Each structure stands twice: as structure tokens, then as C-alpha cells.
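Protein chains in written order, with the working numbering: chain C, 5 to 438; chain B, 940 to 1428; chain L, 10 to 528.
One or more of the hints may lead you astray.
As the list claims (entries may be wrong) - Straight line, CA to CA, 27 Å or less: simulated DSS-like cross-link-like pairs of lysine-lysine:
hint : chain 1 : residue 1 : chain 2 : residue 2
1    : C       : Lys120    : C       : Lys217
2    : B       : Lys1067   : L       : Lys285
3    : L       : Lys352    : B       : Lys1407
4    : B       : Lys1277   : L       : Lys53
5    : C       : Lys225    : C       : Lys144
6    : C       : Lys32     : L       : Lys462
7    : C       : Lys12     : L       : Lys53
8    : L       : Lys462    : L       : Lys411
9    : B       : Lys1182   : B       : Lys1047
10   : B       : Lys1182   : L       : Lys348
None of these hints come from the bench; they were simulated from the model.
Keep in mind that this is a model prediction, so the values were computed, not measured.
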Amino acid sequence: MDEKEYQKMIKRCLRCSICKWIPQVQIKSQKYATACPAIDLYNYHPYSGGGKIILALALEMGRIKPSEELRDIVYKCTECGNCAIACKFLNTLEPLEIIMRLREKLVEAGCGPMPKQKAYTDAVKNVNNPYSEPHENRMKWLPDDIKIDPNAKLLYYIGCTSSYRRKEMAIAAARIMNAAGVAFRILQDEEYCCGSPILRTGEIHTFQEFLNKNVDIIESKGIETVVFSCAGCYDTFKVDYPLYRDYDFKVCHTVEFFNELLEAGKLKLTKEIPISATYHDPCHLGRNAERYEQWDGEEVKLIPLISINIPPKPKRTGKAGIYDPPRNILKKIPGLKFIEMERIREYAYCCGAGAGVKSAFPEMALNTAKIRIEEAEDTGADVILSACPFCSTNLQDGISESGSKLKYYDISELILMALGLEPEKLKHVLAEVA
Amino acid sequence: MKISELILSQQLAKICGSKKITNNPEILKEYSTDMSFFMGEVPKFVIWPSKTQEILKILKLANQMNFYIIPVSSSSKLKQHGDTVPRKDNCVIINLSKMNKIISLDKKNRVVMIEPGVTFRDLIPKLKQKGLRLLLPLYPTGTKSVLTSALEREPIVIPRYHWDSSDPLLCTEVVFGTGDLFRTGTAAGPGTISQQRKAGQAQLNPMGPTQFSPFRVIQGAQGSLGVVTWATLKLELIPTIQKVFHYQSNNIEELLNFQKQLAKYRLCDETFILNNLNLASLVRNTSEEIENLAKSLLKWNMIFIISGRGDLAEDKLDYLEGDINDLIRESNLVHLEKSDLINSDVILRCVNESTSKPWRTRYKGYYQDLFFLSNFENISNYILMVESNYSEDLGIYIQPINQGTSYHCEFDYFYDPNNDIKLNEIKRKFSEISIDLMDSGAFFNRPYGYWAKEMYSRHIEQTSIALKKIKRIFDPNNVLNPGVLCFDD
Amino acid sequence: MLKKQILEQFQNLVGPENIDDSEVMTNAYAYNWCMELVNCMEEKEPIPFSPIPKAIILPSSVEEVQQIVKLCNKYHIQFKAQSTGLGPWNQPSSENCIILDLRRMNKIVKIDDKNLYAVVEPYVSGAQLQAETMKYDLTVHMPGAGPQVSPLASATSMNGPGFTSPHTGHSARNVLGVEWVLPDGEILRLGSTGLKNHPDWFSGDGPGPSLRGIMRGWAGAKSGIGVFTKVAFKLFPYPCSTKFKLKGISPNYEFEIPDFMKLYVMDCKNYKYLEKVFLAVEEEEISFICSHLSGYGLGAIFSNSIESLMDKIPIASTHAPLVIVIAARTSREFEYKQKVMNKIMAEFKLENIIGTKYTPNSLFYAEALRSNLGLHGFIATGGFQSSKGQCDSAPLCLNTTKMSIPLKKKYIKKGVIANDFGEGVWMTSYESGHYFHVESPTLFDQTTEKSVKGMAENMEENYQFDLIKHLGAPFFVEGDRMHDKFGPHMMDYHKWLRKIKKAFDPNGIADSGFYISAK
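With the rest of the complex left out, here is chain C:
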């Protein structure tokens, strides 16, 4: 969002509170009607999407100044974008983009990000990952028996979280590709953070450095397709990178890729997995994984005071999210009973981990996860699945904190089991990771 648009939009919030709810026509119960973890947990209006637009206006008008208090509110947001989906059902505002821009402004004013987020972004700058892990350990997740083809045109981009924290996801993804006979390569020590944590906490300049570094490396290797098992990296590459720089490779998420392999018969799920499962749409893989469409139209005054965009300006409403591939996969797993939660697809409730919340406000992240876990439990499912390492960590934290009997798996782990590929080994790996 450019400054002109920002200045225009922040004056137009209707304070209608639509942003606090999932699209009105999708509300199925009182319990699961809300959209925004921040307002759900902190109650005061400024925590909502619309509330943050008001803060942006108040800041521009000089009614409030950059302050720790303002910063805390602005950063207590997972940037899940559910507010934007709700707002754009009828309105034209972009609360998520306004929040991102507001964070940039706070960083510029020396008032952001949160100290703990700063530590993460410093670590990215220093050791290429937010966890302050040595860069040389990045590929330590890789078991010896995984086949890598250093000349493959397909790159598996593992991401910091799967490399250091959610190794089971990386292992599963790699094994599945092996099982399907897909040749893939990895960047080894040339893989760096995608820049998402820096972008989402407002440090836009550092983000661009990483973006350029990553695109340069990938393009230099003649790679045609990049597969991500991390929804965050995927979203950042797919949606955010093109805002700054075009690139000439294709990106896809493992759920899309594996779904294609299943459709093509290259993977066959034969082992019965007699569970009932529900699926959590990661924000980065779902509503936010929609590219900005180039719009070269013009704003035409239709009648005094009413302007229209000709041609209509595309609204990002989550329509290009990756919703069906994971569901298709689950439907192909023998014995698995799939049950939907109430808040799904473009209006799925966030797990609570995103946009630096897990680091700066762990309690908020945990409490959000607990809400989502309860929603999953209410379906009667035994298992909650997702396809994002952040969601994985946070939802599993939510499960243990709330004492839930739910089990969490990444979809790739379940595919692995359904392939009958040494599930006990997988269990072993899981124990090792734990």
C-alpha cells in the first residue's frame, strides 16, 4: 500500500466492527463467530482491525504519539488478515495492509518492533535465521537416506522453522518426494531466511536485502520450481516478493505439489489411517496466499463524490488461497474421516503464532491456539492437521497447555503414514525432535 492510499483509507473506517467477525453470512454459532484473536483476547476496540485504522489516523493527526503503549497494541496482531476478508465483503478498506504500514511507520519512528522481535530480526541479519541457530546447522535435519539430486530443477526450500524446529515436516516432505520419484534439490548452506519475520514486524529495508539475496541464488541455479512446506515462506515468496521484484521461477506449497502427485498417480495412499481429523487453514497458505494483481486502471468520478475504478480494482479476498489441495489429500487417505471446523478457508481463525506474536507475546499466541484447539475439539475429531510449521508449533503448544487429547500432525506426516512408509521410524523421528 502506498502512502497516498494509506492516507486516504485511514480516514474512512466506518467503525462498523465487521472486522471483528467472520463474514456475517458464514456465522454458524455464537461461539465461533469471531475473526480476530487480538480483539477476542484484549477486548478494547483498538485491538481490532478497524481500531488499528483509527490509531493510524490518530497518529497522522498528531492526536497520539508513537509510544510503547501504541506499539504494544499495533504488534499484538498476528496479521492473519481475517479482518480484511470481513471488511472487504462489502467495504473497500485494507485493514491488514494498513496495519503493516503502521508497523513500518513505528519502526521508522524508532518505536518498533517489539524488543523480542528485534532480537529475532537481528538474528536473521546475523545468522540467517530468527532462532539464533548456527547457520551451519541448517541442514542437520536431513537424514542420510534421503535422495537429493543436486542438478534438479525443482528446489525444496525448507525454511528456518522446518530446518531448526519442525524437522519432522522437512523429513516427511523429503521422503514423500523420494517416494514419488521426484528429483529435487536443496540449497544446502545457501538457504537463508525468507525474510517474513522482518517484513511482518515492519523492517521493510532489511527484508528487501533478504529477498534479493534469495531470488539471486535461486535464479542463478536455473531452478524452475520452488516447493515450500512452510506456509510462511511460501506466502512471502509468492505474495510479498513480487511487490518488490519479479522472479522467473514457479512457487508452490507441498500440499499443492503432493496433491498433484496424488492426482497423477505418482503417490498412492494405501495404508488405512482410522482417525477422524479436522484441518486448520494456515493464514499464509489460505487467505493471504493471494497475489496482488496488477491494476492499471483509473479512478473515474461517476457522479460527484462517487468514484469508481475502471476496470474494477481487484480486491484480495482470499479467493486464491490454497484450500482444496489439502482437503483433497485428506479425502484420499483410507479410513480417515474428515470433519470441518466452523471457521475455515478464507475466514479460518488464526493459530495465533504469526507476525512476531509468538516471540513478543507468547501468551497471546498460546491463548489463541487454545481457542482454535477448542474449535477443533468441538468437531469431535481426534486429530488436527495443518500445513505450516508455525501453526504446528503453536497449535501443539495449545494442545499441551489446554490438556487436550487432540493429536497434531502436519499433512505431510499423515501422507507418509498413509504411504506405509515406516511409520514407526516417523514416530522415532518425532521422539527425537521432541
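Keeping the supplied structure of chain C fixed, place chains B and L upon it in accordance with the hints.
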């Protein structure tokens, strides 16, 4: 006559003319009692004003000369409930029966504007001529004031037209206890009534003006806050066909459940449940006829009526009847007994017309009606309570109201007034059971006579405090019907 | 900000996390939709901020509300309560005011399917409640402001017409039991709710006079006479099957239209004819929705963006359109209702535009059922407010519409409000045509002083017009200035209202910016 009374009489005569005032002891005595158990004082005068201006002057005079005013709307001797029986000895009755004009009748907007003296007997046929009908209480007495019935929130028999508890009352013109004239709802203006009408307004919206709705406090106030000089009432179009259904059962729960479904889906117009004695009293004239019919009826009887209008009237009836039959099957109510013991025309008369003799008096000549509001669940329990206290010659009437959100529960104690022993027993039991019911959650929302004190003591204190504040605003000198409700100071 | 010692007392009541008097928080709560217009009309700077509240407090129970109000009385601090908080009426009128944000009071106390009512706290939204009542085949009346707002606020404190008013009435008339914290901190419970033994919610009137009469009136007291913490109101039969299936992604959902639901749009060409048709339809008691909108308004309810208005030319060019939605539970009912509509169309020689000249997206039907149509007034995300707001007969509403056209055109010509040919109104029937409501939604640019000032002038001139032409009191007769303007022409009602204010709020603690002060 004391000097002060003489002066008062002269002053009142000056306002209305000497022919419109009386202190004839016989007439005064009529106003000192009614059919209820409530005993009161003899008023000083009865006065029959014929114009709003006269009422304004009387009220102003009452404030100056410290006498009390009790508004009475009809000349009928069949008054009930004790609300117009003087509680103080310095009372003047203003009898509004001479103010009996139907001021306007507006078919397009389905509304009538009437003065307080207009009776059911007067109004129903006039409306019928225009293809309109009132929202009636069950077979109202012809001499009763239509406006009073609405002001007293008497239950109407069509719950689906009972959109608000205040229906059919809409706008009012009222003289407050202060002697100030006011108009409520959209009738307040801007502009006079004729200016409003010129703009197209029809005094339909009872709410307001703006941020308060004074008509709601005037309603149910038993004449203690203001004297209503006209009101608009909501009307409906007369159906072309009405079809009566009479279902019986010995188990009221079955009927209540069925009725609930009908109310929920708005499938019928009139619907009510009566016990055998009350249904017989409603549709027969003599004690003997009543007893005979009551014997041949099952204990509980539900009447409901469906209707259609115009060219598609039959089509409407077909759809309603078809849907109702489905409902009966789906709700497993198949063992309900459909009855044709009573001619439909007789039942239709009870819901479309007024009666010259109150139907509750037909069996024994006299009755006391005990009534309150209940939720759905408690109705049976309340019936058990009353029946265990007194079951002989007891009529029971259950009326869903306000879109089926509550129920008017009425127990009619029929008796012969000349039988003193019986009378004393009924008096005692009536009083005892009223208290027991109140203690069990029965909501006496129209607390007449002796009930008032008991009811307010069982309601949170803030209610009386708030009502007294209202009283001090609209009738600061307590000139209007003193002593009713919680206005005992 | 609050004095430390006072802040501590509030903190002790609700916990420190539930009161905030910081600059950031209080400024954020000073903002609201149309506040720039209100400021302009009060000859203040046309910015969208009200006076800054002293603090924001989030009570969780009636007891906490009561204690807060008592502390306010003790320290002579005013309060303003808000539920979902849409609109300038939620704003304080002075800086000596705290805002009670009732967000934490969000329970559906009960849905009583036997007695056909629901009891809710302030922060239950209409859509939440409806989702739950649908499980019982029941629906809830929702105001035009949309399903995201508080039905409690609409029932107790705001005006309450909605698109489904022919079927679900008006918020104020649906009220049963009420729990109400008076401005002096005492708790009033209306009707059967106030019984000491076995209180229940089924009635809000009496014993004796109904205190609902001082609770709200037509327009609602907007927190000027206390805080409503629970209310019971009627539920109505859901008009068709409650099966509610949507496919696709927001906002382009595809809705599986229920079997027995049909939309009619008829162009009545002129207001006189519209009146006849409107009344004829409503006398038949068949509609779930029965509204007149201007051609543009009509286009808007079928559009999810201002751009998509463009393909609605066949309907936007209608002159006096009437929109009717019929819905039924059974095929018999549906057939009958269709027969009635056919008869009316034949009698008045009208045709249904729907299915002939225009076919809306299926989502329209979902929004109709879920009371989302009013929100289409916001598709321009511009300034939007209604003048008028009369409620009485159909002739009055249509006269009002007709007479206001030249007035509106004057401001259109000035370029300060959007051009709807002066015809932009929404008119609905209530209770199968027993009353009608009309308002004149007007679009302006809330970000330019010229437009805001022009809109304010337009509103003022409309008020004056309503007054001299005896068109009834519009929506927004609230606040001392407006009451003093209208009162003398309306039986001096303002004097009585002031007495009520004085009697129930002796210390003037409930903010009266949108009510009346005792003076």
C-alpha cells in the same frame, strides 16, 4: 352538602353545565362498588364531560381545590376489578361515556380514532361496514368502553396480531394529572392532528414522541396518571371466510403443545383454551344449557380459527389446513379429539361480536376473575394450584398473547351472590390463592384492587420507586385515582 | 485521564486490565462514524473525533456496571455505555465522561423456544444470536445497521427498523423483560423479570404501567437514561428452511437458495401507484421483506462493490420500485404466496423484473435471510447518513419522499452530496403494513470539509422542512438542541422528557449528548 362541596359543585357545573353533574346518592352509590370484592368510598359527585377542554378544566380545578378525580369510561353497571372504586372520600367521578364519538375511521391505514365512551357495541358494526375489525378480547361485553379495554391491556384473542403487549392501543390524547394536554406517539406532532393528516400521517405509531413513549405508562395505570380523551387503535381487515376448529383433550399439555406450534408458525388467527365450563359459558346462555354442554365436553378445549380474504380465501384456507394437519401428524398429536359439538357460527360470534350480557355471568350471575401472566411451562402447575384450592364452578381460560411469548391465565369463580356462605368461602380462597400464585411466579401484571399491594411487595422495590417518580411528574398532586397501584401515599 | 485515586477505585471494581485511561486508548474511543457530521452540526471542527473520554472501562456483569455507575455519581463523572459501538451516539459529549464498553457482557442468557424469546447481554451480535435461534427454526429482528450490531442496543436504546420488519417488527416493540442499571446506580428489572420470587423474562410491562415507556420511546435514549445489561425480546419463525449452504469464497459466495423463497422487484413508476401496491401486498401478510428503495438503492442491495453497480442498469433505472421477498416453510404456503403475488401483479399490471430483466446473484438471498442488506449502504465506504426517519403511514412516508426530492437536489447541485436524483430513500413496512418507515440515505465525502458542511446543512434544512411541513419527527431528534427545536411544535414533550431525566438521573451522570439534559 358542606360549603366546600357546594363550591366544588358550582365550579364543576360552571365547566360542564349543571345537567352534567350529580350528587344523587343512588347514583353515587353505584360508583362506590363494582362486581369485584373491592370495597370503597362513595364519591362526592359524578360528572359527565363531553369535551377535552372540560376535562382540562376539571383537572386544573382538582389541582387547585384538592379533590380527587376518578375517570370512568362507560356507564355500564358491569364494572369489574375495583379500579374505579374510590379509595378516598373526596372523589369526583368523571364519566366519559358522553364522549363517544368515532372521530375517524381510516381503512387504508387500518386505524380508528375513538373517544373513551365508544363501546364495543357501537364500534364493531361500524367497522364491519367498512370491512374492518378490532382486535377483540374474548367476547367482550357490548357496553364496555373499547378504549378502556385497550388501556387496561386486556388480552386479545389473536396472538399473531399482538405484535406488542400494548396492542391494539396506538396514539392517545391525554390530560395528565397536572391538567396539561398531551398527545402521545406520532400524534404529538409536529403540527395539529389536521396538519398531520394533511401531510399523510395517520397517528399509527404509538412510540414516542422521540425518546420516550408516555402511552406505555398511561396504559395499565388505572387512570392514575392521565385521562385519555381519544386514542387510535389498530385494526385488521375482515376475513371473507373463517373456519373454526375445536379440539378437545383431557390433557391440557397436549393442547398447549399444539397451540404453541400454531402460534410459533403463525398458522391461525384466534386461538385460546378453555375448560369445559368456560367454553359452555361462552357459547350457551342459561345455567342449564351451560351445565349440559359442559358435561358433554372433555375437560380441555382448544379453539382456533383460520381465515382467508378475497379471491384467494379458499386457497389460503387450504394451505393453512394442509399445513396444520401435517403439523398434527409430525407432532404426534393424533389422539387429540376433534369436536363438532358446538356450531361454528356460535363460536365465531364470540370472537367477532360483543355480547349484551357478560358471558362470565351467564352461569351463576356473578363471577370473580383471577388472572395473571405466565410462561408456557408453568400453566399446568398454576391450574393445579387453583384447582386444589377451589374447583367447583371454576371456569378456566388460557390465552396466548404477544406473539405467543406469554399467556393470560384466567380463573373465573362463578357464584351466586345471594349465597353468603359460598361468597365468603370464595372471597377467602380467592385471596389465599392469589397470594400463593404470586409467590409461585404468577405475574399479576394488571394488579387491581387488593392485588396491588401484594404484587408490589413481591416486586423489586425499584419498581415502586420508579413508578412513584412517574406519578410525581404526571400527577404531582395525586389528584387522579388515588391509592391504586403502588400510589398509596 | 482519571485522578489516580479514582482510577484505583475503578480498577478495584473490574481489575486493572479492564480499565484504561491512556492517551492512545481514549483517543481511539473518541472516533466514530459520522462524528465529523455531528461536530459540524454543532459548529465544531468537522473531525471524526468526539470529546476524548476520561477512560474506557470494560465491566463484565450487572453488578460491576452498577458499582461503576455509583462511583460515577460519587465523583460526578459522566458515563456513556456502548455495546457494538457503531455511530456517533456512542460518543461522549464532554471530556468529563468515561465510556463503558460492554464488550465483555456477551452471553446469550437463553433462547426460549417454548416462549419464543431470547435473552441477551449487550455484546451478543445479531448474527450470533440468529445463528443460534436458527437451530430452533426461529429468527430474530435485526435493525438496518446490520447483523454485526447488538440486538440489545437496538431493542433498548436505538431506533430499530430493519429489512425484515414486515415479518419481525420493530426492535422497540419486541421487548419483553429488561435488566437496567439506572443513572443513579439502582437496578430496575421490568415486568416479570422484577419478581422477587421466580423472576422470568416473558413480560416487560408492569405491574401496572409499563416502564418501557420511559426506557426508550421511538428513537431510543442512547445511554442517556442508564445502562441496559440484559434484555429479552421476541423471536419469530424463520421464514423457510434453516438449511443454509454457501459455497465459494467471500464475497462471491454462491448460496443454495431455499426451495420456497422468491424475490420480486416491481417498478411501480410513480409514488401514488407505489403506495397502492405497497399497501395491497402488505394487507396480504405474505412478505418477509417489503421495501421501497430508489433505483440506485436497489442497485446497491444487489452489489458488493460500487463498481458492480454498473451492471445493474435495468434495475437502477426503475422509478418507484418495490422489493418483496416471500419465503415459506411448506410448498403449500409457497404456492399460496405466489398466487397472491401473481394476483397483485395482474391487478396492478406489473411485472417482476427478477428473472426477466435481471437475475441477482444467489448471495442476495443469503443476505436477505441474514439481514445483511442494510450494510450495502456502505459499499462506497464513504460518508453515509440518513435524514428523515419518519415512521407512521405509507402516505406520510411517500409524501416525505416526494417532498424531499427538490431539497436533496439542491445539495446535489452544490456538489456536496452524491447524486441519487434526490430519490434515495429506503422505506419499509412493519408488522404486515401497520406502520411504515422512511429514511433518506445520503452519501457524502466524510474526508472533505465542503462535503461534510454541505451534508450538515442538508440535514438541518431537512429537519426544518419536517417541522414546517408536519412530516413527523425524524430519526435524530436527540440532544438538547434538537429537543428544544422540536419540542415546542410537539406538545412541549421536551419539558416532560426533562422531568423524567431529572427524576431518574438527579446528578446528570448519564451523558445526555444524544438524549436530553435536565437543564
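For each hint, the structure was consulted:
no.	hint	in the structure
1	Lys120/C / Lys217/C	holds (25 Å)
2	Lys1067/B / Lys285/L	holds (22 Å)
3	Lys352/L / Lys1407/B	violated (55 Å)
4	Lys1277/B / Lys53/L	violated (71 Å)
5	Lys225/C / Lys144/C	holds (22 Å)
6	Lys32/C / Lys462/L	violated (42 Å)
7	Lys12/C / Lys53/L	holds (22 Å)
8	Lys462/L / Lys411/L	holds (24 Å)
9	Lys1182/B / Lys1047/B	holds (26 Å)
10	Lys1182/B / Lys348/L	holds (21 Å)
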